[in-house]
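Chemist: Here's the letter readout for the chains.
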Amino acid sequence: MQKKWLYLLILACCMTGGIWVACNSINYASASSHNMVSVCLFKAATGLPCPSCGSTKSVVDITRMHFADALYANPIGFIVAILLVILPFWIVADLATHKQSFYNFYNAAELIIRKRWVAISLILLVAANWAWNIYKYTS
Amino acid sequence: MEQQKVDIYIATNSKYFESHLIPQISDMLSRADDSKFLMIQTVSLKDPTSMLLISLFGGHFGIDRFIIGDTGLGVGKLLTCGGLGIWTIVDWFMIMGRARELNYANLQKMLY
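First to last, the sequence lines map onto chains L and X.
When we follow the numbering used here, the leftmost residue of the first sequence carries the number 1, and every step to the right adds one.
When we follow the numbering used here, the leftmost residue of the second sequence carries the number 140, and every step to the right adds one.
FYI, nobody ran anything at the bench for these hints, they're computed from the structure.
Any given hint could turn out to be false.
Said to hold, decoys possible - Taking lysine-lysine and the DSBU-like style, the derived pairs with C-alpha atoms no more than 35 Å apart in a straight line are:
1. X/K248 / L/K4
2. X/K175 / X/K154
3. X/K248 / L/K99
4. X/K154 / X/K144
5. L/K43 / L/K4
6. X/K248 / L/K3
7. L/K99 / L/K3
8. X/K144 / X/K175
9. X/K175 / L/K3
10. X/K154 / X/K248
11. L/K115 / X/K175
12. L/K115 / L/K99
13. X/K248 / L/K115
14. X/K175 / X/K248
15. L/K115 / L/K4
16. L/K99 / L/K4
17. X/K175 / L/K4
18. L/K43 / L/K115
19. X/K144 / X/K248
20. L/K99 / L/K43
21. X/K154 / L/K115
22. L/K3 / X/K154
23. L/K3 / L/K115
24. L/K136 / L/K43
25. L/K4 / X/K154
26. L/K136 / L/K115
What the hints assert, rightly or not - To give an idea of the chain X side of the interface with chain L (calculated C-beta under 10 Å), a few residues:
27. F176
28. L184
29. F205
30. G213
31. I228
What the hints assert, rightly or not - A few chain X residues that don't get close to chain L, going by computed Cβ distances all over 12 Å:
32. M140
33. K144
34. I147
35. K154
36. F156
37. I161
38. S165
39. M167
40. A171
No residue lacks a Cβ here, since even glycine has one placed at the ideal position from N, Cα and C.
Given these sequences and hints, build the entire structure.
Modeler: Here it is as structure tokens:
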């Protein structure tokens, strides 16, 4: 993927994510946590949560320093929160200094994730998280 | 490469590439060495129609992106519930073009 498209896509994603978290944060303050709007296609189609369902609540909990609640909602929220904070700064810094450190990091990370044992362990982690998510939802 | 071989390759594999790139591919192949014919047959080409089906059923988890080789974007899709559902739907329309684009890139890599 070309550098400029990758940067544009990630900036757009971070902006949408930021607005989404802010909207849900306001909603969270005025209503109970179960009132969050679900946009998950998988949940709408099957009635079961997907591996990353609950990450919005998790990120909102992190912004309020409720780390235990965030972990229970979905551990993926921690990764998303870190990425939401770091990526925009990294990309803007890259664009300002005409470097491509993030692009190089992205390509290197892709190569590492494609290694068989890394891929299998990550898939197992996501599957375990998904099983936990379904268990939390049904119990 | 002989024109006959180029024609055979184009006739059997044209669905894997963007139609506007076919003349370029034909030109590239005819300029390539004859010994590369076997090698280009081994280039793994992703079927755009299968990718569309995978995108329809597994796009929410980023499986379509993982399969065509955009691992980073696949992770992004998986972590964000399919980009809040929006990216999933956008990819239903984008994935066939992206698969064809990557098939062309893979063929180019093999030839140069």
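Chemist: Now tell me, hint by hint, if it's right for this structure.
Modeler: Right, here's what the structure says about each hint:
Of the supplied pair hints, the one linking X/K248 and L/K4 holds, its CA atoms being roughly 22 Å apart against a limit of 35 Å. Simply put, X/K175 and X/K154 have alpha-carbon atoms about 21 Å apart, close enough for the 35 Å limit, and the pair holds. With a C-alpha separation of about 26 Å, the suggested pairing of X/K248 with L/K99 holds against the 35 Å cut-off. For the hint linking X/K154 to X/K144, the alpha-carbon distance of about 17 Å falls within 35 Å, and the restraint holds.
For the proposed pair L/K43 and L/K4, the alpha carbon gap of about 33 Å is at most 35 Å, so the pair holds. Our distance criterion of 35 Å between C-alpha atoms is met by X/K248 and L/K3, whose separation comes to about 19 Å. Pair hint L/K99 plus L/K3 holds up; C-alpha atoms about 11 Å apart against a cutoff of 35 Å. Under the criterion of a C-alpha separation no larger than 35 Å, the hint pairing X/K144 with X/K175 is consistent with the structure, at around 11 Å.
The suggested pairing of X/K175 with L/K3 holds, with an alpha-carbon distance near 31 Å, which does not exceed 35 Å. Among the hinted pairs, X/K154 with X/K248 is consistent with the structure: their alpha-carbon atoms are about 19 Å apart, no more than 35 Å. For the given pair, L/K115 sits about 28 Å from X/K175 by alpha-carbon distance, which is consistent with the 35 Å threshold. The hinted pair formed by L/K115 and L/K99 meets the criterion: a straight-line CA distance of about 27 Å does not exceed 35 Å.
Restraint check: the Cα-Cα separation between X/K248 and L/K115 comes to about 21 Å, which is no more than 35 Å; the hinted pair holds. With a C-alpha separation of about 12 Å, the suggested pair X/K175 and X/K248 falls inside the 35 Å cut-off, and the hint holds. At roughly 26 Å between alpha-carbon atoms, L/K115 and L/K4 fall within 35 Å of each other, so this suggested pair holds. With a C-alpha separation of about 12 Å, the suggested pairing of L/K99 with L/K4 holds against the 35 Å cut-off.
In summary, the hint linking X/K175 to L/K4 is supported, as the alpha carbons are separated by about 34 Å, within the 35 Å threshold. For the suggested pair L/K43 and L/K115, the alpha carbons sit about 31 Å apart, so the restraint of at most 35 Å is met. As the CA atoms of X/K144 and X/K248 are separated by approximately 19 Å, the hinted pair is consistent with the 35 Å bound. Distance check on the hinted pair: L/K99 and L/K43 sit about 41 Å apart at the alpha-carbon level, beyond 35 Å; violated.
About 30 Å separates the Cα atoms of X/K154 and L/K115, which keeps this hinted pair within 35 Å; it holds. Note on L/K3 and X/K154: the hinted pairing holds, with a Cα-Cα distance of about 28 Å set against a maximum of 35 Å. Using a Cα cut-off of 35 Å, the hinted pair L/K3 and L/K115 holds, with the two alpha carbons roughly 23 Å apart. Distance restraint check for L/K136 and L/K43: the Cα-Cα separation of roughly 14 Å lies within the 35 Å cut-off, and the hinted pair is therefore satisfied.
For a cut-off of 35 Å, the pair hint linking L/K4 to X/K154 stands: about 29 Å separates their Cα positions. Proposed proximity of L/K136 and L/K115 is supported: the alpha carbons are some 32 Å apart, at most 35 Å. A least Cβ separation of about 29 Å between X/F176 and chain L goes past the 10 Å threshold, and the interface hint is therefore violated. Using the Cβ-Cβ criterion of 10 Å, the hint placing X/L184 at the interface with chain L is not satisfied: the shortest such distance is roughly 19 Å.
Hint status for X/F205: holds, given a least beta-carbon distance of 9 Å to chain L, under 10 Å. A least Cβ separation of about 9 Å between X/G213 and chain L falls short of the 10 Å threshold, and the interface hint therefore holds. Annotation: interface hint on X/I228 holds; nearest CB of chain L at approximately 8 Å, less than 10 Å. With a least CB separation of 30 Å from chain L, X/M140 remains clear of the 12 Å interface cut-off, as annotated.
Distance check for X/K144 against chain L: the nearest CB is about 32 Å away, which clears 12 Å, and the non-interface claim stands. The beta carbon of X/I147 is kept farther than 12 Å from every beta carbon of chain L, the shortest such distance being approximately 32 Å. Even its closest Cβ contact with chain L, about 23 Å, leaves X/K154 beyond 12 Å, as expected for a residue assigned away from the interface. Every C-beta of chain L lies more than 12 Å from that of X/F156, the closest at about 19 Å, which supports listing it as non-interface.
In this structure X/I161 is separated from chain L by more than 12 Å, as the shortest Cβ-Cβ distance comes to about 23 Å. Against the 12 Å criterion, X/S165 stays outside the reach of chain L, whose nearest CB is about 25 Å from its own CB. No beta-carbon of chain L comes within 12 Å of the beta-carbon of X/M167; the shortest separation is about 21 Å. Against chain L, the non-interface label of X/A171 holds: every CB pair exceeds 12 Å, the least being about 26 Å.
Checked against the numbered hints given earlier, the structure breaks hints 20, 27, 28 and satisfies all the rest.
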